[in-house]
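S.K.: One letter stands for each residue in the lines below.
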Amino acid sequence: AQSVTQLGSHVSVSEGALVLLRCNYSSSVPPYLFWYVQYPNQGLQLLLKYTTGATLVKGINGFEAEFKKSETSFHLTKPSAHMSDAAEYFCAASLTGGGNKLTFGTGTQLKVEL
Amino acid sequence: DAGVIQSPRHEVTEMGQEVTLRCKPISGHNSLFWYRQTMMRGLELLIYFNNNVPIDDSGMPEDRFSAKMPNASFSTLKIQPSEPRDSAVYFCASTLTPLSYEQYFGPGTRLTVT
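Chains as they are written, first to last, in this note's numbering: chain D, -1 to 112; chain A, 41 to 154.
Hints in this document: simulated from the structure, not taken from any laboratory.
Any given hint might turn out to be false.
Quick list of the computed label-pair ranges, beta carbon to beta carbon [what the hints assert, rightly or not]:
hint, chain 1, residue 1, chain 2, residue 2, range
1, D, S10, A, K108, 24 to 30 Å
2, D, I58, A, T116, 27 to 33 Å
3, D, T49, A, N91, 18 to 24 Å
4, D, A(-1), A, K108, 46 to 52 Å
5, A, I95, D, T53, 39 to 45 Å
6, D, A15, A, E102, 42 to 48 Å
7, A, T78, D, A15, 29 to 35 Å
8, A, T60, D, K56, 37 to 43 Å
Partner residues aside, some chain D positions facing chain A, computed with beta carbon under 10 Å [stated by the list, open to error]:
hint, residue
9, Q43
10, G103
11, G105
Only a predicted model underlies this, so the values are computations on that prediction, with no experimental measurement involved.
Glycine included, each C-beta is placed from N, C-alpha and C at the ideal position.
Whole structure, please, built from the sequences with the hints as guidance.
M.R.: Laid out in structure tokens, this is it:
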């Protein structure tokens, strides 16, 4: 079955440390891939997306993600975490046969500590 | 430009009452999605519309839930009768066209059923 998997429901990093949030997808055809961020009591906001072309995509707030077809992954990274990055992050994919709906992962709560 | 607008932002009601949630997509957008988010079940797609036509309602929990989109600028999600297990945050999102995957989310409606 097609799916999106986020490893680690909670990730904790120190301020200034590397942020790495993992996302893998299962699909027979490489999908379009997205990362969304949700701050407390807010809706989801698009961080970045991969459709075609360059496999390393840059988003807002210094985040980037790399599409690796061989690993069916789309991990999100940021070189240096900031306290304001604390939020929940969702990976999403357009899976085949799903029309234009997105399949979301279960989310990763990022905590940034001093 | 205004984003996706949802009303009310908060709703508290008693079990058995009818609840109507409202959504105004971004002007010019032609696809609309309704989601429910809870701690236990995460983010769930309830139903989505393309050009005001329901495309996939397989996520609607049961007959107590219904959704309509009478025109391109307005949609409702109704729960009748409401139950405490319906307590959740309900999000609406829209995309530009039925071929677009980039979803723009509203701020959500927090529903509490007592």
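S.K.: Does each hint fit the structure? Answer for all of them.
M.R.: Evaluated hints:
| no. | hint | result |
| --- | --- | --- |
| 1 | D:S10 with A:K108: 24 to 30 Å | 43 Å, violated |
| 2 | D:I58 with A:T116: 27 to 33 Å | 32 Å, holds |
| 3 | D:T49 with A:N91: 18 to 24 Å | 22 Å, holds |
| 4 | D:A(-1) with A:K108: 46 to 52 Å | 31 Å, violated |
| 5 | A:I95 with D:T53: 39 to 45 Å | 30 Å, violated |
| 6 | D:A15 with A:E102: 42 to 48 Å | 45 Å, holds |
| 7 | A:T78 with D:A15: 29 to 35 Å | 31 Å, holds |
| 8 | A:T60 with D:K56: 37 to 43 Å | 41 Å, holds |
| 9 | Q43 | 7 Å, holds |
| 10 | G103 | 9 Å, holds |
| 11 | G105 | 6 Å, holds |
Comparing the model with each earlier hint shows violations of hints 1, 4 and 5; every other hint is respected.
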